[in-house]
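Visitor: Given next are the chains, with one letter for each unit.
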Amino acid sequence: MRSREEALLSEILPPEDRVIEAVVARYQRVAPAVTRFARSLASNDDLRIRLGSQASAEPGEIVMDPGVFQAAYARSAPVTPSEVALASALHEVVHMVATDLDEHRALPEEWFPDAGEPLPEDPVSLLDALDKAGGPAAEAMFFSIEDARQESQNFDLYPGARSVLADLYLASIPGAMGRARPMGQFALACFLAVGGYQDVDTLQQRSEVHVSMALEEARDLIDDAREASDGWETAGVALQLLAVARLHGLLTEASPDESKTRREDREKADQNEINTGVDSLRLMSPIVQDADSYDQTRKAMQAAESLQGRPDDAQTGGDPATEQILRVSEAPDVHLPTGQGGKLLVTPLPSRFSNYADRGFEALETAARRWEVGERHISGELYPLFVANQRRGLQSGFDAGDLSPHAALFLGAGLYQRMFERRSLPTRRAYSISLLVDGSASMLQPRPLPGGVKAPWAMAAATLGAWTLARLCDELQVEFEVALFNRAFAARHDDTEQTYVQRAHRTKGALRRSQGSAADRLTRTVNHYVLKSFDNRWETAKDELAGLFWTAAHPADAAVEARRNPASAPPVSMFEKAANVDELNVQHAAERLGRRPATVRMLVVLADGMTRGSVDALAATVDGAEHGGITVLGIGIGDDTVTNAYSRHQVVERPDELTRAMIHGVRSALRRSIALTGGDTWWAHVSQIENTITRSA
Amino acid sequence: MAKTVTFTDPTGESAPVKLEIFDVPSDLADHDQRAGKIPEPDPHYVDLGMLFRLALVEKVRREKVTDTPLHLALRGHMGTGKDHDLEQFAALLRLPYYRIPLTGEVRDITLIGSVKLHGDGKGGTESRWEDGDITRALRGPALINLSELNAAGAETLFALHGLLDRYQSIDLPTGETVRLRPDTRLFGTLNPTDLRDYAGTQTLNKAFADRWVIWEKGFPTDEQITAMLQRRYPTMAEPYIKVISRLAVEVNESFTATDARTRVGTPMSLRTVLDRIPAGLWVYEHAEDPLRRSWESFVIDHVDPFDRDHYETVWSAVARKGPSEKPFGK
Chain A
1 MRSREEALLS EILPPEDRVI EAVVARYQRV APAVTRFARS LASNDDLRIR
51 LGSQASAEPG EIVMDPGVFQ AAYARSAPVT PSEVALASAL HEVVHMVATD
101 LDEHRALPEE WFPDAGEPLP EDPVSLLDAL DKAGGPAAEA MFFSIEDARQ
151 ESQNFDLYPG ARSVLADLYL ASIPGAMGRA RPMGQFALAC FLAVGGYQDV
201 DTLQQRSEVH VSMALEEARD LIDDAREASD GWETAGVALQ LLAVARLHGL
251 LTEASPDESK TRREDREKAD QNEINTGVDS LRLMSPIVQD ADSYDQTRKA
301 MQAAESLQGR PDDAQTGGDP ATEQILRVSE APDVHLPTGQ GGKLLVTPLP
351 SRFSNYADRG FEALETAARR WEVGERHISG ELYPLFVANQ RRGLQSGFDA
401 GDLSPHAALF LGAGLYQRMF ERRSLPTRRA YSISLLVDGS ASMLQPRPLP
451 GGVKAPWAMA AATLGAWTLA RLCDELQVEF EVALFNRAFA ARHDDTEQTY
501 VQRAHRTKGA LRRSQGSAAD RLTRTVNHYV LKSFDNRWET AKDELAGLFW
551 TAAHPADAAV EARRNPASAP PVSMFEKAAN VDELNVQHAA ERLGRRPATV
601 RMLVVLADGM TRGSVDALAA TVDGAEHGGI TVLGIGIGDD TVTNAYSRHQ
651 VVERPDELTR AMIHGVRSAL RRSIALTGGD TWWAHVSQIE NTITRSA
Chain B
1 MAKTVTFTDP TGESAPVKLE IFDVPSDLAD HDQRAGKIPE PDPHYVDLGM
51 LFRLALVEKV RREKVTDTPL HLALRGHMGT GKDHDLEQFA ALLRLPYYRI
101 PLTGEVRDIT LIGSVKLHGD GKGGTESRWE DGDITRALRG PALINLSELN
151 AAGAETLFAL HGLLDRYQSI DLPTGETVRL RPDTRLFGTL NPTDLRDYAG
201 TQTLNKAFAD RWVIWEKGFP TDEQITAMLQ RRYPTMAEPY IKVISRLAVE
251 VNESFTATDA RTRVGTPMSL RTVLDRIPAG LWVYEHAEDP LRRSWESFVI
301 DHVDPFDRDH YETVWSAVAR KGPSEKPFGK
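So the protein sequences, as listed, match chains A and B. The first sequence begins at 1 in the numbering used here and counts up by one. The second sequence begins at 1 in the numbering used here and counts up by one.
So here's chain A without its partners, still in its complex pose (with noise of 0.2 Å):
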């Protein structure tokens, strides 16, 4: 059995861990370093090393596909991943800067021996002059040792990055030999050669009998190009080794009366077999793969700054695509207790949305006024439970502190030794309480309210139990955090109605083409919008939280509004109909609510609909949660997934009573933290108000 580093690529590199995403990840972990060492290559401290999804090279900024690097995780071979993000990313720099065939030279003689007449003067480009003397071969040709030169070149400050390209190329050699027609044998058998990787002698041994005594003449040639200063020196080298085969009978012979398309056709099947030979083995770097690819490359870079003006940030793309990639391959990775996982993009909510905030305030007044959601009765009702919590306790045995009255009748009791009491360690903030609210479509769908009417109320009533919740914590100096979640394209900060929209747009669009059917899952990404952090003040959050409430209360208004004026209005396209991932937010949740220091952890979701996970999952999460100290109360909103996944549940079907459970659900659980800790005093004790919340574990 092999060792897992012995263990081939394809074995043991899941197809999850081979998506773009997971890809651009890995290579953001090597990034930093493959920067520096490009800098070192180049020798420019300022050269800019990004992402993009078209590849392009110029003196001061190398701009990487990240899909050139996803292919080669596709390979069978002993390597890491890794290993593979670093030798793919440095394999890519390595021929981004070593490669500049746009020096002029006046056609070389030697590359035209039977010419009859004086060559032109005039300075031409390297890939022009090439394709006069050798046509679509010798270019194909060309490109394949000069692939290999670059790579025997520049690869030796890092041998143990060039071993990786090495196992990649020896165990693809086989299956490429064994393809490849004898012309594309031949330049195969030269790439790896001159590259390196593997001696003249052993080639031969695995070629056919014409090939390995072409091999045979080349040797020389090989060396030579091995050791050759520039792409011209290299071309030359090539149009020699063309020259070798043609004299083995690799390419195909001309007729004398061949016509011009004949021709053609002839020199292109010679580039053809060439190119499928070499291609079927090397890592492809578009900058040396063929003369457009070359041209490409070289002049996307021209294009994209005239079409957009310069890229100022260096890790980022400047396409949508890209973005977005780099958007997702950068989020948290959130583990479920189940084992499974998935990306989690966790983003502040759009500041635009406190534009509604004016509005916002108003509706809410009127909101719980009609919902009976009256603050100061709810900030009555709690505000006993959180101060009992937070009485802070007297110990004994001080030499010093407060004097107890009754200080002579403990000592005497023998209940002190000491008389002074000292209070114990204050327990202000010692709660944390996360709220986490069901941000789909579906929340702003009307429902049926009493007296037949519909109406949405579904996030504007949580939006109010939120608001309502954030008020007290605030007043009682508890931290809490506030978050919206929901399964859509991911608005920025920054993004209004407009800039949401058309980026959306640029977006799922520049993905179907480079990523195919992936791009569903690339802009449909699961999103915790972070609304009111544990860190952020009340003041910063409130009119953000006031405008969702509006947009919330008056979706239709809120639409009308965006469409209206789209550059100003928030994004309100946010809100997508598509089912949630409620267990990713909820450990997210989970997890940020038990690093901070309480000794009461609460966690509130509110959520209309299935997890598009599983319930099971969900349940595990919830109960790992649970475990953990973290009592989390599930609120369904008119649908009872909460009671097969909360063991704390509760199903509302009014807005009143979503409020009121998510009061009551806090209650509960200080009432519980109280009797915990000791603390069972009787104004602690349920009085009036009837616990409504199922306790079913």
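Worth flagging that the hints you see were computed from the coordinates, not collected in a lab. Hints should not be assumed to be uniformly reliable.
What the hints assert, rightly or not - Estimated spans, in silico, between C-beta atoms of each pair:
#	chain 1	residue 1	chain 2	residue 2	range
1	A	Lys-299	B	Thr-258	47 to 55 Å
2	A	Gly-60	B	Asp-67	49 to 57 Å
3	A	Asn-44	B	Thr-6	52 to 60 Å
4	A	Glu-233	B	His-44	42 to 50 Å
5	B	Pro-239	A	Asn-44	25 to 33 Å
These figures come from a predicted structure and were not determined experimentally. Ideal Cβ positions, reconstructed from N, Cα and C, are used throughout, including at glycine.
Based on the hints, put chain B in the right spot on chain A.
Guide: Relative to chain A, chain B alone:
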């Protein structure tokens, strides 16, 4: 005839410098203690050119710049061998070597001295002057290395201004003036003051800095590290020497990168390269991959967690796997 020592230019460009060595006079009160502070030449030390440069300055001091003080400070990152250079210079010149670290806690009385109370043997006390670290060193021939020059507070360094400039003396509160002897040399070392984590360092006070000639000391090159390893470990297999040198050079190039996004916060010091990794090779001599095991235990565990990806990427690029032969015993 006075004994001499010859310093040769490792580049071979300049003529060797021959200098007379110093003598510790036998009539000094602390002769025995002082003579014991003359360091022994390190047989494994490789002069990368610093000793030769120091010798050139010493020659000029003796022949041309006799009245003007000329004090040298070496500035370089951790583990570049600054203090080792000065110690070896003292060893070759046979000068007692005093290394006085100037931490932030050092005060002028620590350096110069103070009056201390002593029991008089009759139940009472008497006050006596007690020399500080510098004063004690200045009382005879010495090479004084004020290490971490930029860690001490400016007010502490002000006390040294007189010693470092043309006055070349320290006036003690007792009324005594301690002069800089012709056979005493003052040197200093310091880390560069930049964004890197050299806790406690600060920009050198301009007036204080003006009293020094400051030379930069960079990380050694590939060839220099190779020479050091070969000198110190003659039996180490060549492939190991080659890979260790490359790893150090690449990591240190990342450390000195100007772009914070592409640099590491921890360099590979000479202590790591010359002491720790070889020690790891001995420890894991019989392991399947001794260099990898040594790298994991003696290098990776030593660096900051946020540098580990970068270190491991350098490892993969430069080595990927350690040499297959045994590390020692070629």
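Visitor: With reference to the structure, classify each hint as holding or not holding.
Guide: A quick look at each hint next to the structure:
1. Lys-299(A) - Thr-258(B): 47 to 55 Å: The hinted range 47 to 55 Å is violated for Lys-299(A) and Thr-258(B), with Cβ atoms some 30 Å apart.
2. Gly-60(A) - Asp-67(B): 49 to 57 Å: 53 Å, holds
3. Asn-44(A) - Thr-6(B): 52 to 60 Å: Taking Cβ atoms as reference, Asn-44(A) and Thr-6(B) lie about 43 Å apart, which means the hint is violated.
4. Glu-233(A) - His-44(B): 42 to 50 Å: 45 Å, holds
5. Pro-239(B) - Asn-44(A): 25 to 33 Å: 31 Å, holds
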